[in-house]
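S.K.: Kindly produce the complete structure, drawing on both the sequences and the hints.
Chains as they are written, first to last, in this note's numbering: chain Z, -5 to 107; chain H, 2 to 112.
Just so you know, these hints were derived from the structure itself, not from any lab.
Please read these numbers as outputs of a predicted model, since none were measured by experiment.
Every clue listed holds true.
Label-pair restraints from in silico Cβ distances: (1) H:P9 x Z:I95: 20 to 30 Å; (2) Z:L63 x H:Q10: 35 to 45 Å; (3) Z:K51 x H:N19: 34 to 44 Å.
Built from N, CA and C at the ideal position, the CB exists for glycine as well.
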Amino acid sequence: NAGVTQTPKFQVLKTGQSMTLQCAQDMNHNSMYWYRQDPGMGLRLIYYSASEGTTDKGEVPNGYNVSRLNKREFSLRLESAAPSQTSVYFCASTAGPEKNIQYFGAGTRLSVL
Amino acid sequence: SQQGEEDPQALSIQEGENATMNCSYKTSINNLQWYRQNSGRGLVHLILIRSNEREKHSGRLRVTLDTSKKSSSLLITASRAADTASYFCATARSGTYKYIFGTGTRLKVLA
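M.R.: Here it is, written out as structure tokens:
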């Protein structure tokens, strides 16, 4: 039981490049989330998916797109990376609205030059 | 704007002492949660307290919630060097899935 798996762990991009961060959970959870964490800051919600087939914007969605591919997988895409998107990205999942405990992946450290 | 704000931002104590950190939030909530983050790692859930609860214990952790003041505190008793980490509170506005995390308290426990 791996929990929440994020790939890649590290990535360096040049300004304007695109990439997709992958997240998969094997806990049969309904809801999935993408956050970013900047140095010395808490987590800020980028997008979330309350259930398979639905996605919604969080606090800082600009510059990102998401896809809830199936119940297990929730990907985050940067279409044209900018230095301001240099951050650590975390994926999380919860069982559903009444089960609020979030399980986090290990994170993806992204640098945009 | 972030809903949760932790206080203090950083805390340094000796092993065996108690550590207290506080969290304030802005809107009505269903529950409040505390998470720990070790350096370079993802967050790990510690404890959840529901809006109709005032105090909850889990091992060396004690959490209180004052909904009238929109605040919570996390007490770690008899701290250990392994407790060195950042601690975050998280809330979701009633009826939503959007979790808001505070800026965190960096705790350092000196052996």
